[in-house]
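> All chains should be modelled from the sequences, with the hints used to inform the complete structure.
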Amino acid sequence: MTDLKALVEARLAQGPLPAAEAMALALYHPEFGYYRRAQGPWGFEGADYYTALDLGPLLGEALAVRLERAWERLGRPDPFVVLEPGAGRGWLGRDLLQAAGGAFGAALRYLHRDDNPAAAAAARLALAPHLASGRARIVAQAEPLEPFRGAILSNELFDALPAQPYRWDGEGWSYEALTVDGPAWLRAEPCDAIDWFTSQAEGGLEAGDGAPWCADLPGLVGDLARVLKGGLFLAIDYGHTASRVLDKGSDLRRYKGHTVDGAWWEEMGRADLTADVDFTRLALHLERAGLGEAGHVSLSAWIRDHAPLATWEAAWQTLDAASRVKRMENLLQLTLPTAMGERFRVLEAWRSCD
Numbered sequence: 321m322t323d324l325k326a327l328v329e330a331r332l333a334q335g336p337l338p339a340a341e342a343m344a345l346a347l348y349h350p351e352f353g354y355y356r357r358a359q360g361p362w363g364f365e366g367a368d369y370y371t372a373l374d375l376g377p378l379l380g381e382a383l384a385v386r387l388e389r390a391w392e393r394l395g396r397p398d399p400f401v402v403l404e405p406g407a408g409r410g411w412l413g414r415d416l417l418q419a420a421g422g423a424f425g426a427a428l429r430y431l432h433r434d435d436n437p438a439a440a441a442a443a444r445l446a447l448a449p450h451l452a453s454g455r456a457r458i459v460a461q462a463e464p465l466e467p468f469r470g471a472i473l474s475n476e477l478f479d480a481l482p483a484q485p486y487r488w489d490g491e492g493w494s495y496e497a498l499t500v501d502g503p504a505w506l507r508a509e510p511c512d513a514i515d516w517f518t519s520q521a522e523g524g525l526e527a528g529d530g531a532p533w534c535a536d537l538p539g540l541v542g543d544l545a546r547v548l549k550g551g552l553f554l555a556i557d558y559g560h561t562a563s564r565v566l567d568k569g570s571d572l573r574r575y576k577g578h579t580v581d582g583a584w585w586e587e588m589g590r591a592d593l594t595a596d597v598d599f600t601r602l603a604l605h606l607e608r609a610g611l612g613e614a615g616h617v618s619l620s621a622w623i624r625d626h627a628p629l630a631t632w633e634a635a636w637q638t639l640d641a642a643s644r645v646k647r648m649e650n651l652l653q654l655t656l657p658t659a660m661g662e663r664f665r666v667l668e669a670w671r672s673c674d
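Those letters in the sequence shown? Residues 321 to 674, per my numbering, in order.
Hints listed in this document are in silico derivations from the structure and should not be mistaken for laboratory results.
Computed Cβ-Cβ distance ranges for the label pairs, DEER-style:
| # | residue 1 | residue 2 | range |
| --- | --- | --- | --- |
| 1 | A527 | V645 | 46 to 52 Å |
| 2 | R608 | T579 | 37 to 43 Å |
| 3 | G490 | L656 | 33 to 39 Å |
| 4 | K325 | G539 | 27 to 33 Å |
| 5 | T518 | R457 | 43 to 49 Å |
| 6 | R444 | T658 | 31 to 37 Å |
| 7 | T579 | D536 | 26 to 32 Å |
| 8 | G524 | D625 | 33 to 39 Å |
The beta-carbon is built from N, C-alpha and C at its ideal position, and this holds for glycine as well.
Structural data, given as structure tokens:
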């Protein structure tokens with residue numbers, strides 16, 4: 321019996337454990353949580369999942385172009401600070417810093433924030449030359465930051481926040497929980513989550529509709545927005561509008577050894593758990609925090625709008641055949657509907673300087 325399993329069983333003796341509380345324990349328990357392990361989960365062989373960063377540097381290169389435009393819009397501030405919460409191995413920061421050149425590259429300062437021990441260790445390696453030069457810095461979750469002009473950038477941050485699935489059965493709402501007899505759907509009392517889902521159901525509710533509710537979303541958005549004095553907020557994640565997520569009957573997902581299922585209650589602390597992001601609600605809380613122009617598109621559409629595709633194509637002609645193939649495969653993974661192109665979305669919002 322693992323220590324986390326013992327904790328869960330002790331908690332179940334007090335009554336049902338809502339899925340969101342189980343997810344918080346499984347991912348973030350200070351000693352036994354999945355994201356507190358010494359070994360990271362990212363990559364291919366022997367890992368649980370991969371991200372866009374494992375496929376190549378093109379996402380970072382596209383973001384460098386987009387952030388340079390934001391820098392120009394702000395009046396070319398120096399420094400231009402980019403904070404990445406939930407930054408993982410620091411690979412996105414590495415690719416961004418390597419791609420940014422000229423006056424923009426000289427002004428760019430990257431802040432990596434992730435209290436996962438494996439992430440911090442990997443980031444120190446990936447960002448080593450930039451840490452030495454002062455272009456990058458690793459900051460702790462609890463470290464207070466001075467408000468800055470620049471950008472807040474996240475890649476698969478919001479899908480890892482503890483979330484509580486709710487489901488409409490045609491007569492009422494239920495929430496998912498773990499009981500001594502296993503997972504179960506229990507009758508839900510009226511709450512903010514139910515009010516929100518009911519208001520967002522286009523054409524009314526049908527049996528099987530449902531979605532995860534992230535209670536921590538407003539607090540996190542508010543905390544991040546407070547340090548952005550002016551500039552761009554950009555989030556890359558999987559999910560959709562509130563109505564589309566409801567229509568899917570979305571539940572928690574478990575990733576283990578590059579397989580995915582809904583058995584979030586199994587191997588807690590040894591598998592990744594994620595939930596679809598409600599981009600309608602994320603945009604709403606950004607607007608309430610004082611950011612405007614909030615909107616989101618598919619990753620594929622965002623790449624077509626912002627990546628310098630013609631420049632890339634011309635530059636790739638100078639590479640050897642194997643390198644050209646890798647770059648093209650990287651681009652296809654980011655844009656094809658069956659890969660990441662339609663499964664992921666990019667949300668942008670803007671805060672004008674006071």
